[in-house]
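Kindly produce the complete structure, drawing on both the sequences and the hints.
2 protein chains.
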Amino acid sequence: MKRYRELSPSLRTIMTPGPVEVDPRVLRAMSLPILGQFDPEFTDIMNDTMDMIRALFQTDNRWAYPIDGTSRSGIEAVLTSLIEPGDRVLVPIYGRFGHLLVEIAQRCGAQVSTLEQEWGQVFARGQVAEAILRERPDLVAIVHGETSTGCLQPLEEIGKACRASDALLVVDAVATVGGTRIAADEWMLDAVIGGTQKCLSIPAGMAPITYNERAEAKLLRRKRIERGLRDPKQEADSGGRPIQSNYFDLSQLQDYWSPARLNHHTEATSMLYALREGLRFVLEEGLEPRFARHLEHEAALVAGLRAMGLTLFGDPDCKMPMVTCVNIPDQVDGESVRSMLLHEFGIEIASSFGSLKGRIWRIGTMGFSCNKKNVLHLLGALDAALLRHGVSIPTGAAVQAALDVYDSKVDAQG
Amino acid sequence: MKRYRELSPSLRTIMTPGPVEVDPRVLRAMSLPILGQFDPEFTDIMNDTMDMIRALFQTDNRWAYPIDGTSRSGIEAVLTSLIEPGDRVLVPIYGRFGHLLVEIAQRCGAQVSTLEQEWGQVFARGQVAEAILRERPDLVAIVHGETSTGCLQPLEEIGKACRASDALLVVDAVATVGGTRIAADEWMLDAVIGGTQKCLSIPAGMAPITYNERAEAKLLRRKRIERGLRDPKQEADSGGRPIQSNYFDLSQLQDYWSPARLNHHTEATSMLYALREGLRFVLEEGLEPRFARHLEHEAALVAGLRAMGLTLFGDPDCKMPMVTCVNIPDQVDGESVRSMLLHEFGIEIASSFGSLKGRIWRIGTMGFSCNKKNVLHLLGALDAALLRHGVSIPTGAAVQAALDVYDSKVDAQG
Numbered sequence: 001m002k003r004y005r006e007l008s009p010s011l012r013t014i015m016t017p018g019p020v021e022v023d024p025r026v027l028r029a030m031s032l033p034i035l036g037q038f039d040p041e042f043t044d045i046m047n048d049t050m051d052m053i054r055a056l057f058q059t060d061n062r063w064a065y066p067i068d069g070t071s072r073s074g075i076e077a078v079l080t081s082l083i084e085p086g087d088r089v090l091v092p093i094y095g096r097f098g099h100l101l102v103e104i105a106q107r108c109g110a111q112v113s114t115l116e117q118e119w120g121q122v123f124a125r126g127q128v129a130e131a132i133l134r135e136r137p138d139l140v141a142i143v144h145g146e147t148s149t150g151c152l153q154p155l156e157e158i159g160k161a162c163r164a165s166d167a168l169l170v171v172d173a174v175a176t177v178g179g180t181r182i183a184a185d186e187w188m189l190d191a192v193i194g195g196t197q198k199c200l201s202i203p204a205g206m207a208p209i210t211y212n213e214r215a216e217a218k219l220l221r222r223k224r225i226e227r228g229l230r231d232p233k234q235e236a237d238s239g240g241r242p243i244q245s246n247y248f249d250l251s252q253l254q255d256y257w258s259p260a261r262l263n264h265h266t267e268a269t270s271m272l273y274a275l276r277e278g279l280r281f282v283l284e285e286g287l288e289p290r291f292a293r294h295l296e297h298e299a300a301l302v303a304g305l306r307a308m309g310l311t312l313f314g315d316p317d318c319k320m321p322m323v324t325c326v327n328i329p330d331q332v333d334g335e336s337v338r339s340m341l342l343h344e345f346g347i348e349i350a351s352s353f354g355s356l357k358g359r360i361w362r363i364g365t366m367g368f369s370c371n372k373k374n375v376l377h378l379l380g381a382l383d384a385a386l387l388r389h390g391v392s393i394p395t396g397a398a399v400q401a402a403l404d405v406y407d408s409k410v411d412a413q414g
Numbered sequence: 001m002k003r004y005r006e007l008s009p010s011l012r013t014i015m016t017p018g019p020v021e022v023d024p025r026v027l028r029a030m031s032l033p034i035l036g037q038f039d040p041e042f043t044d045i046m047n048d049t050m051d052m053i054r055a056l057f058q059t060d061n062r063w064a065y066p067i068d069g070t071s072r073s074g075i076e077a078v079l080t081s082l083i084e085p086g087d088r089v090l091v092p093i094y095g096r097f098g099h100l101l102v103e104i105a106q107r108c109g110a111q112v113s114t115l116e117q118e119w120g121q122v123f124a125r126g127q128v129a130e131a132i133l134r135e136r137p138d139l140v141a142i143v144h145g146e147t148s149t150g151c152l153q154p155l156e157e158i159g160k161a162c163r164a165s166d167a168l169l170v171v172d173a174v175a176t177v178g179g180t181r182i183a184a185d186e187w188m189l190d191a192v193i194g195g196t197q198k199c200l201s202i203p204a205g206m207a208p209i210t211y212n213e214r215a216e217a218k219l220l221r222r223k224r225i226e227r228g229l230r231d232p233k234q235e236a237d238s239g240g241r242p243i244q245s246n247y248f249d250l251s252q253l254q255d256y257w258s259p260a261r262l263n264h265h266t267e268a269t270s271m272l273y274a275l276r277e278g279l280r281f282v283l284e285e286g287l288e289p290r291f292a293r294h295l296e297h298e299a300a301l302v303a304g305l306r307a308m309g310l311t312l313f314g315d316p317d318c319k320m321p322m323v324t325c326v327n328i329p330d331q332v333d334g335e336s337v338r339s340m341l342l343h344e345f346g347i348e349i350a351s352s353f354g355s356l357k358g359r360i361w362r363i364g365t366m367g368f369s370c371n372k373k374n375v376l377h378l379l380g381a382l383d384a385a386l387l388r389h390g391v392s393i394p395t396g397a398a399v400q401a402a403l404d405v406y407d408s409k410v411d412a413q414g
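Which chain is which? The protein sequence lines are A and B, in order.
Here the UniProt record's numbering is used: position 49 in the first sequence is 49, and no number is missing along the way.
Here the UniProt record's numbering is used: position 58 in the second sequence is 58, and no number is missing along the way.
Honestly, the hints are just simulated from the structure, not real lab data.
A portion of the hints provided could be inaccurate.
If you only want the chain A side, here are some residues facing chain B, beta carbon under 7 Å, derived [as the list claims (entries may be wrong)]:
hint: 1; residue: P9
hint: 2; residue: G36
hint: 3; residue: D48
hint: 4; residue: L100
hint: 5; residue: R107
hint: 6; residue: P203
hint: 7; residue: T269
What follows is a set of in silico ranges between Cβ atoms, one per label pair, in the way DEER data are often shown [claimed, not checked]:
hint: 8; chain 1: B; residue 1: G126; chain 2: A; residue 2: P24; range: 30 to 38 Å
hint: 9; chain 1: A; residue 1: R62; chain 2: B; residue 2: P259; range: 44 to 52 Å
hint: 10; chain 1: A; residue 1: D333; chain 2: B; residue 2: L220; range: 31 to 39 Å
hint: 11; chain 1: A; residue 1: R241; chain 2: B; residue 2: P33; range: 39 to 47 Å
hint: 12; chain 1: A; residue 1: D51; chain 2: B; residue 2: S355; range: 35 to 43 Å
The structure displayed is predicted, hence computed values, not measured ones.
By construction, the Cβ of each residue, glycine as well, lies at the ideal position given by its N, Cα and C atoms.
Set out below in structure tokens:
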């Protein structure tokens with residue numbers, strides 16, 4: 001029998017668009033002893049978490065709870081529960097994760113129509129609303145922030161257009177939740193999915209979601225009590241076509257998260273501890289101060305990168321505060337620089353996908369990783385790594401420029 | 001803004017059929033700082049974990065990795081990937097979780113036929129094999145250990161029958177893995193799903209699975225590279241009907257777990273830490289000694305319960321070592337006793353489902369919870385609780401009987 005060593009991961013500075021570093025207080029919460037799933041203390045933790053998810057998404061929705069799986073499990077749970085085979089679904093795509101929404105919707109049996117925007121941009125005013133009028137979809141699914149391109153799509157107008165044409169609007173806010181404003185009720189988002197391992201800085205493994213009564217009405221038309229829990233005589237169905245997944249069946253999951261506590265899966269105890277504590281720290285910091293913090297460190301990072309002579313990828317008017325995409329200078333092997341950052345400096349940044357692979361680096365300033373120490377460490381390390389790769393840059397300028405941004409912030413406050 | 005208190009769960013003695021107590025060393029592993037998902041240190045952890053899952057299931061299968069979700073996510077991933085709409089699926093049912101297999105298979109579009117055994121028993125020699133000959137299913141799905149009834153189904157004969165008729169055999173070993181022998185290769189199991197929160201004593205949130213080349217061949221006929229990762233020109237499909245889930249698509253997941261590391265979800269870092277460390281401790285204890293430990297504490301528990309005058313539910317010939325079902329004495333309110341155990345003694349035991357609800361208690365002796373301290377504490381507490389509920393029992397006999405079992409074990413070894 002092979003002997004395995006005790007787990008002992010290196011300490012990393014993680015400046016990717018996720019997963020990012022986790023607050024040690026959240027890590028510590030996961031080391032607490034577990035409770036049984038129907039222990040009243042545990043169901044209190046479930047209820048606390050629901051309250052905090054509502055606050056996070058700025059919603060009064062009754063339903064706000066996590067799906068037990070990584071971020072895309074939340075997306076699939078919402079889409080597979082809300083899309084009936086044959087439904088018309090519109091997906092406006094402006095990066096890789098728009099394609100994922102198409103892939104999932106097609107696997108749910110939707111008739112999908114798409115609208116594509118060039119990578120590095122988002123949809124202009126009116127574009128999506130016009131497509132909604134043209135396509136008359138039952139459901140529109142769109143990404144709020146595309147980590148593949150670093151672009152952020154405004155949603156208010158799309159929310160109004162969906163409501164006007166009675167389409168459900170599903171928003172993938174995996175990358176943005178906790179880092180920039182998401183007002184589910186005000187923006188008329190019918191369902192929103194957040195990610196844990198990005199701006200919330202909780203390990204991957206849960207996906208907080210919320211949905212309103214319009215979405216719930218669709219679920220309830222498709223509801224089946226689980227075989228083995230229902231009365232054998234009570235086979236009558238609720239009319240709609242059954243949801244094709246049991247694990248992702250929101251009509252069953254909401255019974256588990258309701259006072260009825262109808263048994264479904266065994267809730268992922270330690271992950272729920274992490275989510276509960278992580279959300280507590282997010283709300284204690286305050287959403288607005290947290291969003292401002294993301295903007296501040298983004299400004300310092302961008303000033304540093306520009307001072308180094310680097311240029312940013314993508315339309316600056318729609319830049320996500322928590323992801324900065326940098327054009328890799330000509331003649332530089334981007335992977336070699338990334339590897340040097342990781343192995344010499346202990347810093348991880350990301351490459352990208354598809355046509356952007358090898359063309360841009362993606363730097364995250366998300367949640368717990370979004371701090372002055374990390375930004376300055378990264379800029380100094382990138383400065384040194386580029387020099388080591390023979391790139392001629394004004395050495396030392398990047399860190400000074402970032403410090404200037406931080407100083408001006410203090411002056412402005414002082 | 002409401003203030004939430006710091007998370008501070010009570011210490012519980014958890015004697016349910018899962019989730020159960022977690023080894024503090026596993027809890028501690030979850031508090032380690034996280035690594036990025038493509039960090040070479042992290043992919044080493046992924047590979048270690050695959051090796052250990054192979055050892056756990058006693059298999060040489062290439063594919064052995066966790067699904068990121070709770071146990072039933074593993075079941076659904078296997079079934080949804082292996083069942084094409086219209087496939088003939090046979091499910092022998094002898095408890096609640098057999099019904100779950102039917103529910104999931106139906107949602108995958110299978111034509112399901114069932115074979116039902118009375119709760120408290122399993123299928124006799126020849127029964128399932130005969131049904132396989134009659135029904136000629138493409139796939140047979142069966143539960144190895146039914147926590148709802150405490151019964152364990154022998155699998156060797158079913159494995160042979162499936163192989164002979166070229167059906168795939170999928171086994172739900174959620175409750176048994178790590179507590180009793182599962183020999184995937186020897187028993188000809190084509191796919192097996194384990195649970196973490198039971199005999200492995202790792203928090204819920206991951207489901208280790210393994211499958212062989214026969215299962216893989218079916219997957220590969222249905223494979224699609226994810227839209228957004230594949231070359232746009234490369235739309236050609238592989239023949240079979242696409243898998244209806246993206247999150248649970250094993251043909252994509254195995255690429256993520258292969259050296260290709262084709263991006264799918266973001267692996268659940270801290271849960272993988274827990275799984276890796278938990279499996280390391282299981283294998284360090286040794287599978288055979290671990291199974292023997294489960295038998296030893298079961299024997300002490302059963303002796304204690306009998307000495308108290310209680311009777312067990314179910315056919316003793318097929319009793320699971322890690323779950324003991326007890327008939328609730330007449331005139332006793334089972335829920336009141338459970339509540340007293342929890343609130344006075346800090347011990348959790350379980351009730352059951354369906355027709356057994358209110359008729360039996362289910363006591364787990366699983367993994368880390370399966371130890372002398374817990375068994376003696378439970379017997380003493382149950383003794384006191386029954387007395388408090390006016391049940392006439394030979395007070396003190398239970399603990400003495402259990403001690404006798406432990407002493408005889410020591411004598412036998414000495």
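Consistency of the hints with the structure:
The restraint placing A/P9 at the interface with chain B holds, with a minimum CB-CB distance near 5 Å, inside the 7 Å limit. Given the 7 Å rule on beta carbons, the hint for A/G36 holds: about 5 Å separates it from the nearest Cβ of chain B. Interface restraint check for A/D48: the shortest CB-CB distance to chain B comes to about 6 Å, inside 7 Å, so the restraint holds. Of the supplied interface hints, the one on A/L100 holds, with its beta-carbon coming within about 6 Å of a beta-carbon of chain B, less than 7 Å.
The interface hint given for A/R107 is met, as the beta carbon of that residue sits about 5 Å from the closest beta carbon of chain B, less than 7 Å. Taking 7 Å as the C-beta cut-off, the interface hint given for A/P203 holds, the closest approach to chain B being about 4 Å. Contact between A/T269 and chain B, as hinted, is supported at the beta carbon level, the nearest pair being about 5 Å apart and thus within 7 Å. Here the CB-CB span from B/G126 to A/P24 is close to 58 Å, at odds with the stated 30 to 38 Å.
At about 46 Å, the CB distance of A/R62 to B/P259 agrees with the hint of 44 to 52 Å. For A/D333 and B/L220, the hinted distance range of 31 to 39 Å is satisfied, since their beta carbons lie about 34 Å from each other. Separated by about 45 Å at the C-beta atoms, A/R241 and B/P33 satisfy the suggested range of 39 to 47 Å. Between A/D51 and B/S355 the beta carbons are some 37 Å apart, a value that agrees with the proposed interval 35 to 43 Å.
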